[in-house]
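We have chain A; now place chain B onto it with these hints.
Spelled out, the chains give:
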Amino acid sequence: MIELRNLAVRFDGTEAVRGVSLEIGTEEWVMLIGPNGAGKTSVLRALCGLLPFAGEARLDGHDVKELGRRELARLIAFVPQNPVTPPELTVAEYVLLGRTPHLGYLATEAQGDRQAAARALERLDLLPFAERGLGSLSGGELQRAVLARALAQEARVLLLDEPTTSLDLGRQQQVLELVDSLRADGLTVVSTMHDLTLAGQYADRLVLLDRGAIVAEGGPNEVLSAANLATYYGASVRIVSDGDGLFVLPTRA
Amino acid sequence: MAVDSVRRTEAIVRARGVSRPWRLLSAAFLAGALLVGLGVGPVGIGAWGIVESALSHLPFVHVHSPLSALQEAVLWQIRAPRVMLAALVGGMLAIAGSAYQGVFHNPLADPYLLGVAAGSGLGATLAIAYGHVDRSGQLLPLAAFVGGLTAVAFTYVLGRSAGVARAAGALVLAGVTVTLFLSAIQTFVQQQHSNTLRDVYAWLLGGFSTAGWKQVAVAAPYVGVSSLALVLHRRVLDVLSVGDEEASSLGVNVPRLRLLLVIAATAGTAAAVSVSGLIAFVGIIVPHTIRLLVSTSYRAVVPLSLVVGAGFLVLADVLARTVISPAELPIGVVTAFFGAPFFAIVLRTARSVR
Chain A
8 MIELRNLAVR
18 FDGTEAVRGV
28 SLEIGTEEWV
38 MLIGPNGAGK
48 TSVLRALCGL
58 LPFAGEARLD
68 GHDVKELGRR
78 ELARLIAFVP
88 QNPVTPPELT
98 VAEYVLLGRT
108 PHLGYLATEA
118 QGDRQAAARA
128 LERLDLLPFA
138 ERGLGSLSGG
148 ELQRAVLARA
158 LAQEARVLLL
168 DEPTTSLDLG
178 RQQQVLELVD
188 SLRADGLTVV
198 STMHDLTLAG
208 QYADRLVLLD
218 RGAIVAEGGP
228 NEVLSAANLA
238 TYYGASVRIV
248 SDGDGLFVLP
258 TRA
Chain B
204 MAVDSVRRTE
214 AIVRARGVSR
224 PWRLLSAAFL
234 AGALLVGLGV
244 GPVGIGAWGI
254 VESALSHLPF
264 VHVHSPLSAL
274 QEAVLWQIRA
284 PRVMLAALVG
294 GMLAIAGSAY
304 QGVFHNPLAD
314 PYLLGVAAGS
324 GLGATLAIAY
334 GHVDRSGQLL
344 PLAAFVGGLT
354 AVAFTYVLGR
364 SAGVARAAGA
374 LVLAGVTVTL
384 FLSAIQTFVQ
394 QQHSNTLRDV
404 YAWLLGGFST
414 AGWKQVAVAA
424 PYVGVSSLAL
434 VLHRRVLDVL
444 SVGDEEASSL
454 GVNVPRLRLL
464 LVIAATAGTA
474 AAVSVSGLIA
484 FVGIIVPHTI
494 RLLVSTSYRA
504 VVPLSLVVGA
514 GFLVLADVLA
524 RTVISPAELP
534 IGVVTAFFGA
544 PFFAIVLRTA
554 RSVR
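Top to bottom, those sequences are chains A and B.
Sequential numbering of the first sequence, starting at 8, is according to the numbering used here.
Sequential numbering of the second sequence, starting at 204, is according to the numbering used here.
This is chain A alone, in the form it adopts within the complex (with noise of 0.2 Å):
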C-alpha cells in the first residue's frame, strides 16, 4: 500500500529525516518509535504532502509527488498531535468537513456527503453527540471526533501523530482498539507513539527512528530492546515480557 525509497526531508539545511525506506502492506499497523527529534512526524507529513521531500514515495502504487493535492487527500487522512477543533461547529459540521477532498471546489455537500459522515459517526459511536458543538466534548470524545473526520474522508491510509496524547490510560486504550478495529474495513494506518508498551502491544511492526534514520524494525520483541532503548532513547529501561506480551518499564539507573 506505502512504498518509501530514500525518503529525505530537509529543514534550513539540517536533515530531518534521511534514507528511509519502509513497505506497508494494506491494513497493517505500523507505528513509528524515536526519541524526540527522530523524525518520526517529518515522515508523517511528508507522506500526506505538507512537507516537500527527497526520494520516491508511492501510495497504492501513485507517485506521490504527482499526485494533486485532492487525489492525496482522498487517498491519505492525516490526524495531526494537536488537531485544531474549533470549539463552535458542531460534530456534524466538524465531520463533514472531512468530504472536502471529494466535493468540487465551491460545491456544498450532497446526499451521499451527508450518509459517509454520518457513517462516519456511527462507526464511532457519535451519532448522539452530531448536533453538540467540539468545545463542550471531553478530550476522548473530542479524540473521537477527530477520528470521525479523518474516516469520512474514507481515504485508504490513515495517518496518526501522537493519537493518545493527553487521553487518560482508559481512553488511550479506547483509541487504540478503535483504530485497530478500522483496519477490518480495509484501512492501512501509520502512526508514531510516545508510550512504548502500547506501541507494541498495537502495532504489527515498530520502526525505530533516530536521528532521521532507521536504526531498527520488526515486531516488539526485536526492537523492544533494553540495549536499543539505551542507545537511541539514553533511557535505562527493564523488558518485561509474559503471556500478554512484553512491557517496558522505566527503571532508575
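Honestly, the hints are just simulated from the structure, not real lab data.
Where hints are given, some of them may not hold.
[Unchecked claim] So the derived label-pair ranges between C-beta atoms look like this: (1) B:L435 <-> A:F254: 51 to 57 Å; (2) A:Q88 <-> B:I548: 33 to 39 Å; (3) A:H69 <-> B:T380: 39 to 45 Å; (4) A:G26 <-> B:L495: 38 to 44 Å; (5) A:E184 <-> B:I548: 44 to 50 Å; (6) A:E63 <-> B:R459: 25 to 31 Å; (7) B:L383 <-> A:E34: 54 to 60 Å; (8) B:T380 <-> A:E22: 32 to 38 Å; (9) A:G142 <-> B:R459: 26 to 32 Å; (10) A:D192 <-> B:T380: 47 to 53 Å; (11) A:E138 <-> B:L495: 18 to 24 Å.
A quick note: this is a predicted structure, and the numbers were derived from the prediction, not measured.
Glycine is no exception: its CB is placed at the ideal position from the N, C-alpha and C atoms.
Frame of chain A; chain B shown alone:
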C-alpha cells in the same frame, strides 16, 4: 451497520446554513432600511408612495405614481442613488470583513487590514493636493482606487518576500508596515498643503453627501463580482477554520485560496472606499453581530454580512444626514459611535472566534 439508521441520521448530519427565519428577518431588515432611507428627509415620502412610485417606473405595470414632481425628483435623483451607494458600500465592507476574519484567523481583521485604507487615503490626498481635484470630482475615486490596490499589492509582495508567505501572520505584519509607511507619507503631503486639509479630512471621514448614480455605476460591478466570489467560498472558509495545515491535508491549496479571497475582498473594498471614503467598524461590527446571534459558520456569516451590512450602513447614513440637519455628520462618526461600544462587548464575549 443498518442502512436506514444511516438514512435517519443523515438528516441531522448537516452544516448549519442560514435558517429560514434568519433569511426572512435579514431580508426584512434590508427592505425596511431601504424604505427608511428613501423616505426620511426634509421632503417626507411615505413607504407606500415609494413602492407605488417604484412600480410606476416598471414597464408593463400600470400604476400611477402618487408623488409630486418634486417628490419624484428628490426620491429618484437624490435619495435613491445615495441609499443604493450606502447599501453597496455597507454590504461590501461587511462581507469583505467577514472573509478577512476567516482568511487570517483573526476576529479583529477588517477589510482595511492589508493597507487598502492607507493606500486610498494617500491616493485621494495626492489627487486633492497635486491634482487640484475637489471632493465631488471624477478623478478622486479613481485615485483612491488605484492607491488602495497598489498598497495591497505592496503588502502581498512584502509578505511573500518575508519567505513565510504561507503564514497568515507575515501578511498581516506586512499590512501594518505598509499602512504605517503610507500614512506617514499621506500626513506629510497633507501638512505640506494645509489648504487641502479640509477636503482630505472630509474624504477620510467618509460619507455619501456627493452620491449620484454615477458612483453607483462605478462601485456596483466590483461589489457584485467580489461579493459573489466571497459567497461562493463560504464553505471553503469553514475548512480554513481548522488551520492552514489541516485544510491543506484536506486537499485545499491554502496559499492560492488566500490570495484569491484577498483579491476578491480587496478589489471590492477599494471600489467601496473610492466612492465613500473610509468608514470604520462596519467590517467588524456586522460579521460579529451575526456570529453572536446566528452562527459562527461562514455559511451563515458571509451571506448575511452582505445583507445586514447593506441595511446597517443605509440606516447609519440616515442618522448621519438627519441628526444635525441641514448639516451632515460624517458617516464614519456614526458607525464609530455605535461601533466602538459594540466592539467592546465583542471583545468581552469573544471566545476564540475563528
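Status of each hint after checking the structure:
no. : hint                          : in the structure
1   : B:L435 <-> A:F254: 51 to 57 Å : holds (56 Å)
2   : A:Q88 <-> B:I548: 33 to 39 Å  : holds (36 Å)
3   : A:H69 <-> B:T380: 39 to 45 Å  : holds (43 Å)
4   : A:G26 <-> B:L495: 38 to 44 Å  : violated (54 Å)
5   : A:E184 <-> B:I548: 44 to 50 Å : holds (46 Å)
6   : A:E63 <-> B:R459: 25 to 31 Å  : holds (26 Å)
7   : B:L383 <-> A:E34: 54 to 60 Å  : holds (58 Å)
8   : B:T380 <-> A:E22: 32 to 38 Å  : holds (35 Å)
9   : A:G142 <-> B:R459: 26 to 32 Å : holds (30 Å)
10  : A:D192 <-> B:T380: 47 to 53 Å : holds (51 Å)
11  : A:E138 <-> B:L495: 18 to 24 Å : holds (19 Å)
Of the numbered hints listed earlier, the single one contradicted by the structure is hint 4.
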